[in-house]
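Work the whole structure out from these sequences, hints included.
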Amino acid sequence: MISIETIKSDIISEFSLFEDWMEKYEYIIELGKSIPLIDPKFKTDDNLINGCQSKVWMHAELKNNNVLFYADSDAIITKGIIAILIRVFSNQNPKNILESDTKFIDEIGLKEHLSPTRANGLVSMIKQIKIYALAFKNKIN
Amino acid sequence: MNYKSFDVNKVREDFPILSRKVNGNKIIYFDNAATSQTPIKVIDVISEYYKKYNANIHRGVHSLSQEATDAFENSRKTIKNHFNSKETCEIIFTSGATHGINIVSSGYSKILNENDELLVSEMEHHSNIVPWQMLCQLTGAKLKVIPMSIKGDLEMDEFEKLLTSKSKLVFLNHVSNAIGTINPIDYIIKKAHSIGAKVLIDGTQASPHIKTDLQKLDIDYYVTSAHKMCGPTGIGILYGKKSLLNKLPPYQGGGEMISDVTFEKTTYADLPHKFEAGTPNISGVIAFGTAINYMNNIGFDNIFNYEKELLNYAQDQIRKIEGVEIYGDSINKTPIVSFNIKGIHPYDIGSILDKMGIAVRTGHHCAQPIMDFYKIPGTVRASFSFYNTIEEIDLMIKGLKKAIMMLQ
Numbered sequence: 001m002i003s004i005e006t007i008k009s010d011i012i013s014e015f016s017l018f019e020d021w022m023e024k025y026e027y028i029i030e031l032g033k034s035i036p037l038i039d040p041k042f043k044t045d046d047n048l049i050n051g052c053q054s055k056v057w058m059h060a061e062l063k064n065n066n067v068l069f070y071a072d073s074d075a076i077i078t079k080g081i082i083a084i085l086i087r088v089f090s091n092q093n094p095k096n097i098l099e100s101d102t103k104f105i106d107e108i109g110l111k112e113h114l115s116p117t118r119a120n121g122l123v124s125m126i127k128q129i130k131i132y133a134l135a136f137k138n139k140i141n
Numbered sequence: 001m002n003y004k005s006f007d008v009n010k011v012r013e014d015f016p017i018l019s020r021k022v023n024g025n026k027i028i029y030f031d032n033a034a035t036s037q038t039p040i041k042v043i044d045v046i047s048e049y050y051k052k053y054n055a056n057i058h059r060g061v062h063s064l065s066q067e068a069t070d071a072f073e074n075s076r077k078t079i080k081n082h083f084n085s086k087e088t089c090e091i092i093f094t095s096g097a098t099h100g101i102n103i104v105s106s107g108y109s110k111i112l113n114e115n116d117e118l119l120v121s122e123m124e125h126h127s128n129i130v131p132w133q134m135l136c137q138l139t140g141a142k143l144k145v146i147p148m149s150i151k152g153d154l155e156m157d158e159f160e161k162l163l164t165s166k167s168k169l170v171f172l173n174h175v176s177n178a179i180g181t182i183n184p185i186d187y188i189i190k191k192a193h194s195i196g197a198k199v200l201i202d203g204t205q206a207s208p209h210i211k212t213d214l215q216k217l218d219i220d221y222y223v224t225s226a227h228k229m230c231g232p233t234g235i236g237i238l239y240g241k242k243s244l245l246n247k248l249p250p251y252q253g254g255g256e257m258i259s260d261v262t263f264e265k266t267t268y269a270d271l272p273h274k275f276e277a278g279t280p281n282i283s284g285v286i287a288f289g290t291a292i293n294y295m296n297n298i299g300f301d302n303i304f305n306y307e308k309e310l311l312n313y314a315q316d317q318i319r320k321i322e323g324v325e326i327y328g329d330s331i332n333k334t335p336i337v338s339f340n341i342k343g344i345h346p347y348d349i350g351s352i353l354d355k356m357g358i359a360v361r362t363g364h365h366c367a368q369p370i371m372d373f374y375k376i377p378g379t380v381r382a383s384f385s386f387y388n389t390i391e392e393i394d395l396m397i398k399g400l401k402k403a404i405m406m407l408q
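Protein chains in written order, with the working numbering: chain A, 1 to 141; chain B, 1 to 408.
No lab work stands behind these hints: they were computed from the structure.
Where hints are given, some of them may not hold.
Covered by chain B, per the in silico footprint, the following chain A stretches (three or more residues, Cβ under 8 Å) [to be verified]:
#1 21–28
#2 53–65
#3 69–82
Don't be surprised by glycine CBs; every beta carbon is placed ideally from N, CA and C.
What follows is the structure, encoded as structure tokens:
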């Protein structure tokens, strides 16, 4: 298992290769377009995180004591950022998820998408990731 | 004055913010329906107040208080003259349109009962829906909705069917914030009055573009916010006919709104102070008057005609984009274009335009019933003001095409 911190620094060095915002956004859009992130059966109202701008659906399950996250959004840039968050936090131990933060999002220049004014569901999604991690941690113990 | 003589480049010099850069590009500000930018004169008035005569009003005998009170009350007169209310005391200062609506809706909680009906339009901002829903919960009165057509016009036949002797109050916006439709309020007011119902007009989206004559239109209650009219945030007005406001109970208790207080009994002050409890936003009120004078100096006819030109040009250009759908196609519109591109989420377009320094609004614009009507999660909304230019619209179109290329 690659650690959360290693994945974060991989992402930061990948993003440092982009020359400008256009390249960066093209990459995020590609991520948003290509990866199937959730089984449609999990796109239920129960799993919906409502943002005023875009919607996020998220499902989590525990496998071999690691938390697996599946998520989707109706907006493609939001979905691309979800793909990055899933790459970082999915298939990790709940304790490590709880101890980790999302400062790397600032470092790769996507901070504005986590701003409360964007109301795109991402901030709530991160909160939800932590809540799931906490719940699964308690379950394991 | 012919609007062709209106010099937009000269006007732009009045707005310091228009020369700043966002994400490396000169800002293109097309979110005027959310808030308008502030001319230097208005900014200066706020700073002058704090530099030269900051004092509490209506109570001090000292000179600073007198100067502040004079400036404050002069502003009320300016606003009274602009909206042409019959009396100055009918202009109540509020924190904004939402506050004004809440004063009226809360006052009606003592007036309505379960046999009464209220009429609201389908194209309202949440601020003109939620306070009334709360009122209905409290009183048992029923809320009836005047439907709109796919073009974004209110269905007048339906309105007339809904209007009965049970209808006590009709409330609607003069202009829709989400799609820009200018509603036929003169007709609606006449019809409502013919059966004895009162009308509240939310003028927030109209007042920056259209000069409204309260007496001529015979409006019962009217609200608007200064920050849509080149003024500061946190200040607005509630207008009500004196006879009606006298019947409404005060909304908040406190200083300023009283005539006499003992622990046994308090008598309330006369209008407008009855509804102005506490120390008001003094600099905001003074600056609101300055903003209105500023707009009148440019001239509302000039503003309307120039903005119409911007709207028509923008609509024509946006319509040429493949897969575009414009929501709200009324022939009577303020300069708002609400649209979507097929297969693309408005959030994605807004995010990419922002990287280019272009500010548009995306989302449901606090008008979810309209979004439900069109069965969409939201729109991209470009809203213009008299300091915007055709060149800026061209740049937005270029940016839009680039965004579409990236997202498709």
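Going through the hints against the structure:
Remark: the region 21–28 of chain A is confirmed as covered by chain B, as 4 of its residues place a Cβ nearer than 8 Å to a Cβ of that chain, reaching the required three. For the region 53–65 of chain A, the stated coverage by chain B is satisfied: 3 residues place a CB nearer than 8 Å to a CB of that chain, which reaches the threshold of 3. Requiring three or more residues with a Cβ within less than 8 Å of a Cβ of chain B, the coverage given for the region 69–82 of chain A holds, as 5 such residues are present.
Of the numbered hints listed earlier, not one is contradicted by the structure.
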